[in-house]
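Q: Generate coordinates for the entire structure from the input sequences, incorporating the hints supplied.
Going line by line, the protein sequences match chains A and B. Under the working numbering, think of the first position of the first sequence as 26, with each following residue one higher. Under the working numbering, think of the first position of the second sequence as 1347, with each following residue one higher.
Derived list of chain B stretches under chain A, where covered just means 3 residues or more per stretch with a C-beta under 8 Å from a C-beta of chain A:
1) 1370-1380
2) 1389-1399
3) 1426-1435
4) 1523-1534
If you want the ones that stay clear, here's a sample from chain B, every Cβ over 12 Å from chain A, calculated:
5) Gly1406
6) Gly1444
7) Arg1445
8) Ser1470
9) Gly1471
10) Met1472
11) Gly1496
12) Val1504
13) Leu1511
The hints are simulated quantities; they were obtained by calculation from the structure and are not laboratory data. This structure is a prediction, so every number in the text was calculated from the model and none was measured. Ideal Cβ placement from N, Cα and C applies to all residues, glycine included.
One letter stands for each residue in the lines below.
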Amino acid sequence: MQSSAPAQGHAPGVATRTGHLGRSYLIGLGFALVLTVASFWASSTPLVYPRALPILIAVLAVAQMGVHVSFFLHISSAPDQTNNLLALAFGVFITALVVFGSLLIMSNLNHNMVSMDQLMQMQR
Amino acid sequence: MSATSESLGLEGAIPLSYQGPAPTRVVAGFGFWLFLLSDIILFSVLFAAYAVLSSASAGGPTGAELFDKRHVFLETLCLLTSSVTCGFGSLAVARTDGRAMFVWMVATLVLGATFLGMEVTEFSGMVAAGAGPSHSAFLSAFFALVGTHGLHVGLGLVWLVIMLLQVKTFGFHPMVARRFFCFGLFWHALDIVWIGVFSIVYLGAH
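A: Right, dumping it as structure tokens:
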């Protein structure tokens, strides 16, 4: 394979030892199946305390995303993967900023908004 | 092969600035990886919109009333399995095994099309029941987010068909192998976005 200039970085998705790749997909499939079944099960069973459910599902989702990134996309912390990992970290940072920032701002606006009844009374 | 330079211990010996440009495959892979991350940021905006608007159902049907978890579970299984078959297909491309490549990639195509078909069924059922995107802010955000993901899957399927035709026409040319490799990354990334969709939209429905 021509992808082998060692210290110049690695394209994501290419593992160094190709022989182990097939097994990596199977291991990833196993983990992903367990996590998927767990989150669907947790959302439909009365056993889980309802207010803790969103946190449990979020944890399972993040774990499964981690499984996909490492077993399917083969992103790792190996020295030749620094570029890929840094780009990923930046992407995750922006994603978190957008999602949590929007939720924070919108809930703050919602909190400060005058309710419809009050607004009607002011106009009277 | 990389084994020789690794076994000679040259990996750290040659400074980066003396090594010349990286091979096209690495550059193309990295560039496509950056594109995928920007695509994920696009999805993050749609996720944020959905999270803000998810309770604004305007007196209409809520998520908990509309979504069928069994249906979504089957969709998830289709997409997850297609991600794995795509991985095996990419391995077949790497060892230029045309027959295995064809079998795995057609399996990916069928599973992806099944996923898309199930999603279209769900959407048309919702629209027929009067819960279309124009009904409430919640439904607008839902159709924008899940529809964009579905659109990505649909375009991915078109890309896959084009790649199969390219392999038929050009054989395993390095250029074709590179594009196939990028397709694999794209497909895995879509599966990662789907994890967010089923966790936040379907399982988080209230």
